[in-house]
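Undergrad: Sequence:
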Amino acid sequence: MAQAIGEETSWELLIEVFPESRLGPDPKMFAEMRAGALEFFMAGATLGEVAPTSALPLLPFAFRDSKAVFAALDGALGDQIRSELAQHGIHAFRHCLQNGFHHVTTSKRPIHTAADLAALKIRSPGGAIARDFFEAFGAEAGYVPFSHMYEALKARNYDGQSDPLGVVLSLRLYEVQSYLSLTAHWWSGFTLLANAAAWRALLRPLQDAVERNVEKYALLQRADIEQVNAAGADELARLGMQVNTADTATFRAGLASFYARWREKAGPTAWRLLEAYAGDIGG
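Residue numbers (the working numbering): 14 to 296.
No lab work stands behind these hints, which were simulated from the structure alone. Some hints here could point you the wrong way.
To be verified - Here are the simulated EDC-like cross-link-like pairs (lysine to aspartate or glutamate), alpha carbons at most 20 Å apart as the crow flies: (1) K278 with D145; (2) K121 with E188; (3) K80 with D92; (4) K134 with E164; (5) K229 with E97; (6) K134 with E148; (7) K134 with D145; (8) K80 with E228; (9) K121 with E164; (10) K278 with E188; (11) K167 with E188; (12) K41 with E52; (13) K121 with E148; (14) K134 with E188; (15) K134 with E153; (16) K278 with D92; (17) K278 with D293; (18) K167 with E33; (19) K278 with E29; (20) K41 with E25.
Sequences are here, hints too, so could you generate the full structure?
TA: Right, here's the structure in full:
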């Protein structure tokens, strides 16, 4: 995408990309983007402190599929999130990238029901909603940067982790985790953010080029990741993981108070926007 933007603008706009947390962990890069030290930042689950509504797409079992997620985030729910971010000097691009629906891998035991999470230490993306979810079932949720996850799991600093199947494959987590339990407990993605002052300083033709390419490559990436995740369970089984489908009804049955807490935190307007796309959630 950065290459395409450079070519389209005859290199008037050169975007230098630093992958794999080379500039530090997500919270550090997010703070630097807000301060103007970085012009752009690809954000995951790091927005809740400044945009509470941004946590709602991660609400467990809220969305039935990626199509419903993108309808919400490309639409009115996403508009609410982008409005909240704008109030803090952040320009958020409309079309987010896909990570996908999360499942649980562990080294100790498969997760057949929610009770099997008890006393496990799970590496999960940063954010209060993730911690709250796992702690609701007696697990301890912790965070280690993405680039250090393999080593943390290999050293048994964590019993398991939560991520889409494509991530399990790309990081070769099947080498350090024995069990894959298909839970599809929440969806996650990435949103390209820009420091609002830096964004406003760009000439309109340059802004247009960025917007066009963000949309183009986000849509392509969504489709690619959908295919990778769809084939992931079979591939991970072939690579030696023991794969099972968890009884997600046991999870949903234990989330009434969880949903009530997050409904109160989100407020009625944001919750209505969420349910307009996800249907009745409860709480």
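Undergrad: Mind listing which of the numbered hints don't hold for this structure, in increasing order?
TA: 5, 10, 19 and 20
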